[in-house]
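Novice: Go ahead and model the full structure; you've got the sequences and the hints to work with.
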Amino acid sequence: MSIITLTTDFGTKDHFVGSVKGTIYSELADARIVDISHQIAPFNITETAYILKNAYKGFPDGSIHIIGVDSELNEENKHIALKLDNHYFICANNGVISLLTAEIKPEKIVEINIHDRVETSFPVLDIFVKVACHIARGGTLEVIGKVISDVKKLIELQPFISSDNTSISGNIIYIDNYGNSISNISKKLFQEVGKGRNFEITANRYTFKKIYSKYSEFVDFSVPKEIRQKEGSRLALFNSANYLEIAIYRSNLNTVGGAASLLGLNYRDKLTINFI
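Residue numbers (numbering that gives the first Met the number 0): 0 to 275.
Note that these hints are calculated values from the structure, not bench results. Be aware that one or more of the hints could be misleading.
Said to hold, decoys possible - 20 Å max Cα-Cα, derived DMTMM-like pairs, lysine to aspartate or glutamate:
{"id": "1", "residue 1": "Lys151", "residue 2": "Asp34"}
{"id": "2", "residue 1": "Lys187", "residue 2": "Glu141"}
{"id": "3", "residue 1": "Lys56", "residue 2": "Glu102"}
{"id": "4", "residue 1": "Lys82", "residue 2": "Glu106"}
{"id": "5", "residue 1": "Lys187", "residue 2": "Glu110"}
As the list claims (entries may be wrong) - Pair ranges (Cβ atoms, derived):
{"id": "6", "residue 1": "Gln190", "residue 2": "Tyr266", "range": "42 to 52 Å"}
{"id": "7", "residue 1": "Ser25", "residue 2": "Asn251", "range": "39 to 49 Å"}
{"id": "8", "residue 1": "Glu199", "residue 2": "Lys145", "range": "46 to 56 Å"}
{"id": "9", "residue 1": "Tyr266", "residue 2": "Ala54", "range": "17 to 27 Å"}
{"id": "10", "residue 1": "Ile2", "residue 2": "Lys107", "range": "49 to 59 Å"}
Glycine is no exception: its CB is placed at the ideal position from the N, C-alpha and C atoms.
Specialist: Structural data, given as structure tokens:
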């Protein structure tokens, strides 16, 4: 039986997550359900896209991913199911999947058309679960929808490259649990545009001239402990997902604080890399 994952902005206080899981188990008693996250900021499809992109690859081929963020059906927000990278995704066609399709072409996309048989104000429960269980039983996508050629793009996920290739402008798209500010500038893009040139990153009123590959690389272990880099120092690095991150060394939101609060780098804020 395929794994079914859940990524939503439902939180855990209300009944929504429990209802979705219960309905899956009612249809597939031996289902395997994994929570990716239910703490997405409400309706934040950019944050959803970032989390999903970095989580789904850890699951085996054939896994089914239900995405319950901004999922209400309307004329501009149709429901889709697609097969991509040997995984299945069920979501609204609101751009949430475009971070994945920018790098990997889907094998098949369908616009779900079972709504005429199901009246619902809770589509994740009444539509997405039915589609996921259909796929888990070996059903094909064509049975639950009409084939379409593309998905809606989320423009704000795309960094801007200057016409003379001297700069990349991006935005903060995610604040992690440590308060670190993660941008939409990938290591691959940085290397393709920069071509080994020197650079300077400007984020708010702060500048960075070095990018680290891990947090501990920031520390000079050859100097005495009492004069090493301290908690609260700022740094830039490519994180485990290979996106440019502005971080506070050993940040703790209860004591030191994170980059979002200390440096004023919040969701949608701009940062620029200038190549010299």
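Novice: Against this structure, judge whether each hint is valid.
Specialist: These are the hints, each one checked on the structure:
| no. | hint | in the structure |
| --- | --- | --- |
| 1 | Lys151 with Asp34 | 25 Å, violated |
| 2 | Lys187 with Glu141 | 35 Å, violated |
| 3 | Lys56 with Glu102 | 13 Å, holds |
| 4 | Lys82 with Glu106 | 6 Å, holds |
| 5 | Lys187 with Glu110 | 32 Å, violated |
| 6 | Gln190 with Tyr266: 42 to 52 Å | 26 Å, violated |
| 7 | Ser25 with Asn251: 39 to 49 Å | 42 Å, holds |
| 8 | Glu199 with Lys145: 46 to 56 Å | 50 Å, holds |
| 9 | Tyr266 with Ala54: 17 to 27 Å | 19 Å, holds |
| 10 | Ile2 with Lys107: 49 to 59 Å | 20 Å, violated |
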